[in-house]
Amino acid sequence: MPKRFVSIWFKYLLTDREAIRHHSLREVSVAFTEPDRGRMLVMAMNVHAEQCGVKPGMAAADARVIAPGIRLFDSKPGRNITFLKGLAEWCLRYTPLVMVDPPDGLLLDVTGCTHLKGGEAEFLKDLVSRLRTIGYTVRPGMADTIGCAWAVARCAGTGLIVPPGGQRNALMPLPPASLRLGDDILVKLNQLGFYQVGSFIHLPKSVLKRRFGGNMVLRLYQALGQEAEFLLPLKEPVPYSERIALLEPVRTRPAIENAVHTVIDQLCKRLYGEGLGLRSATLTYLRIDGKSFQLIIGTNHPSQRTDHIFKLFALQFDQIAPALGIELFIIDAIQTEPASDKQSLIWNGKPAADSEQVAELLDNVGARVGNVNIHRYLPQEHHLPERAAAPTANLSDIPESDWPEDLTRPMQLLAPPEPIEAMALTPDYAPRQFIYRGQRHIIVNADGPERISHEWWVEDGGYRDYYVAEDEEGMRYWLFGTPNDLSGQTRRWFIHGYFA
Amino acid sequence: MTNQQEQIIARLRNDIAGWEGFRPLPPGERQEFGLGPIESVFPNQTFPTGALHEFISTRPEFTAAIGGFIAGIIQTLLAHGGVCVWVSYTRRIYPPALKRFGVDPDRIIFIDVQREKDVLWATEEALKCSGIAAVICETRQLTFMDSRRLQLATEQSHVTGFILRKDARQVNTTACAARWTVKPIRSKLRPGMPGVGFPRWQVDLLKVKNGQPGSWTLEWKRKQFTQVTEQAFTEKVKRYA
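The listed protein sequences correspond, in order, to chains G and A.
At the far end of the first sequence sits residue 1196, using this note's numbering, and the numbering has no gaps.
At the far end of the second sequence sits residue 281, using this note's numbering, and the numbering has no gaps.
Treat the hints with care, as some may be off.
[Said to hold, decoys possible] Non-contacting residues of chain G with respect to chain A, defined by C-beta distances greater than 12 angstroms in every case (computed):
id: 1; residue: Pro731
id: 2; residue: Gly774
id: 3; residue: Gly861
id: 4; residue: Ser895
id: 5; residue: Leu930
id: 6; residue: Tyr936
id: 7; residue: Val946
id: 8; residue: Thr948
id: 9; residue: Arg975
id: 10; residue: Gln1031
id: 11; residue: His1192
[Said to hold, decoys possible] Below, computed lysine-lysine pairings styled on DSSO-like, alpha-carbon distance capped at 27 angstroms:
id: 12; chain 1: G; residue 1: Lys884; chain 2: G; residue 2: Lys901
id: 13; chain 1: G; residue 1: Lys781; chain 2: G; residue 2: Lys751
id: 14; chain 1: G; residue 1: Lys901; chain 2: G; residue 2: Lys931
id: 15; chain 1: G; residue 1: Lys1007; chain 2: A; residue 2: Lys168
id: 16; chain 1: G; residue 1: Lys1007; chain 2: A; residue 2: Lys157
id: 17; chain 1: A; residue 1: Lys168; chain 2: A; residue 2: Lys223
By construction, these hints were calculated from the structure, which means they are not laboratory data.
Glycine is no exception: its CB is placed at the ideal position from the N, C-alpha and C atoms.
Using the sequences and the accompanying hints, generate a full structural model.
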């Protein structure tokens, strides 16, 4: 399929932008200046200033003289790139492949997109008229190559749509500046009397290369389509992406739900056909005021069920602010994974469909309470109770070692252990009684001690002597005492848990 | 009342019990929970699965005992595979301890919500999911309306729900199928043996739909519930050391 590119030239990008924000600037001369070797030079101006004779590179003082009443503004470097990026995102409604073309243009790869608006002429007309309505002065060009589209947009008077294969004819009457060449080459061409591309286009490649350098030849042949040139899109196109453009902007919740459901259904059907499942996706919606917003979801296992994915998005629908209306929904599958019909058996003996149910449940819950709050625990080979189990977020993790069965561990663990006042009559025996939160517990039965040391390869610390203690009421506690054999240290007691 | 009328009333009672989640299971599917005499007080002499059970706890010690008791029950529910969801707001449960009650801790998914009001929402979502063996919910408040919602969810999905009401200040009417309290009591070893014995609880069934409330003493021994009948001999209180 032959490629088609559109180049859009924003001739007065900075001043147009300023005039959109401040209507009073529309009818007066405006210029942007930047400092250069101690003086201010004009670097951009609007059409009124241009009519007075203001040119880029002119000193600000001169501009003031020839254009009385001119409004001068300081320009900030990089502002044009910021504006172009915003405009490029706006252009994503026409094609997914948009590139910023500094300093004042955009490049669109519209291959296969134009029929959506009813043809190339209608496509360009729609694009340009909408940009003009916003307030930009734009000139478009459409051709088979990036170079030719660029040239036509900037230098051609008529014939902005170059028919397929017509680059050579379109370039012939244009000045050499249309080939994106450096100033030194342009000066040289001018001195030699080459005022049109057509006057040197037929010269042999070797001659041109010897006289003007390889870059000039490359640019010429790129414009003619004999050298490859690639477009680096602003956004990496996502391989699985579906969009729904609405004839009428929607504002109501049922209409939004309907549109989102349709677009998710399209994506899921495509994923199903290719045996893939969705792991994370973004839903982008473009409002008619030119702003775009995103909703993001993630799933615990590859899913291609429309209803499930819709439900995950529906949990976030409250965040959608349609304002005057939404005209386009785009769903991008950021991450996909092969989804076999037979899900892996996470839980032994459980039918496959059930593990899918569990994953969908956790998606739903995680979307509201946060996935970080959902834990499973796996045994760790540590003796210290705090480290004996480690949380894992992955549902398919299986324990690497068995859970110890013979240890007496409390049903409820206090984190951190709380200090108690305890009294032990004999060293290395459990206390006779302890006071916890103002309540006295008299211990009648006790087991222990079970000595658990801090693991020196993990952190410093002494050991703990754990006792299972049962008080008069029958309540069972897990108490521990710190070492008492170090000089100058008295043994301190803590409660660390309740037994069942 | 004639014999025929009695039959009709019995059949209607059965129907109502069925709608409330007490389904007579086919003989092959009957699950033994090892609760012994407790099971016989329920309708159909079966521990009701696919229903809500409410556990009242007023002290953290009781909560620990209830945790052990529930773990002993879900051991049976998890026997044929599956996964269990534990929803809580402030959780202290120590997963490795569940192994002692026959539950593999890695087969429990803990959902620790940040806001207390999300507990019941997450519980309801989990109860609606029929692929789950049991749902345990730690909450403080449970209004009648909440319990009704949860009970309806269990009736749809046949998931067993356990509501653990920590720090329950007052006990209100709920739609749960049964209300329990479990308190730890003094364990007993053979006379003269030092140390702490098997976990022993006083289990009170305060309220049960279509059943007979009662009180029992149970012990967790060799991975199953054992009913304790008071020994005839009186043990002399002997302090250790």
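Structure-based check of each hint:
1. Once the 12 angstroms rule is applied to beta carbons, proline 731(G) is consistent with being away from chain A; the minimum gap is 53 angstroms.
2. The Cβ of glycine 774(G) sits about 41 angstroms from the closest Cβ of chain A, beyond the 12 angstroms cut-off, so the non-interface label holds.
3. Under the 12 angstroms C-beta cut-off, the non-interface status given to glycine 861(G) relative to chain A holds; the minimum distance is some 60 angstroms.
4. Here serine 895(G) stays apart from chain A, with its beta-carbon at least about 74 angstroms from theirs, past the 12 angstroms limit.
5. Listed as a non-interface residue, leucine 930(G) keeps its Cβ farther than 12 angstroms from every Cβ of chain A; the least gap is roughly 37 angstroms.
6. No Cβ of chain A comes within 12 angstroms of the Cβ of tyrosine 936(G); the nearest lies about 28 angstroms off, and the non-interface call holds.
7. Residue placement check: valine 946(G) keeps its beta carbon more than 12 angstroms from all beta carbons of chain A (closest about 29 angstroms).
8. In this structure threonine 948(G) is separated from chain A by more than 12 angstroms, as the shortest Cβ-Cβ distance comes to about 26 angstroms.
9. Once the 12 angstroms rule is applied to beta carbons, arginine 975(G) is consistent with being away from chain A; the minimum gap is 19 angstroms.
10. With a closest Cβ-Cβ approach of about 23 angstroms to chain A, glutamine 1031(G) is found to remain outside the 12 angstroms limit, as its non-interface label requires.
11. For histidine 1192(G), the shortest C-beta to C-beta distance to chain A comes to about 10 angstroms, within the 12 angstroms cut-off, and the non-interface label is violated.
12. Distance restraint check for lysine 884(G) and lysine 901(G): the Cα-Cα separation of roughly 17 angstroms lies within the 27 angstroms cut-off, and the hinted pair is therefore satisfied.
13. About 26 angstroms separates the Cα atoms of lysine 781(G) and lysine 751(G), which keeps this hinted pair within 27 angstroms; it holds.
14. Of the pairs offered as hints, the one joining lysine 901(G) and lysine 931(G) is violated, with about 36 angstroms between alpha carbons and a cut-off of 27 angstroms exceeded.
15. With a CA separation close to 15 angstroms, the supplied pair lysine 1007(G) and lysine 168(A) stays within the 27 angstroms bound.
16. Only pairs whose Cα atoms come within 27 angstroms are accepted, and lysine 1007(G) paired with lysine 157(A) is accepted, the gap being roughly 21 angstroms.
17. A C-alpha spacing of about 31 angstroms is found between lysine 168(A) and lysine 223(A), which places the hinted pair above 27 angstroms, so the restraint is violated.
Hint violations for this structure: numbers 11, 14, 17, all remaining hints satisfied.
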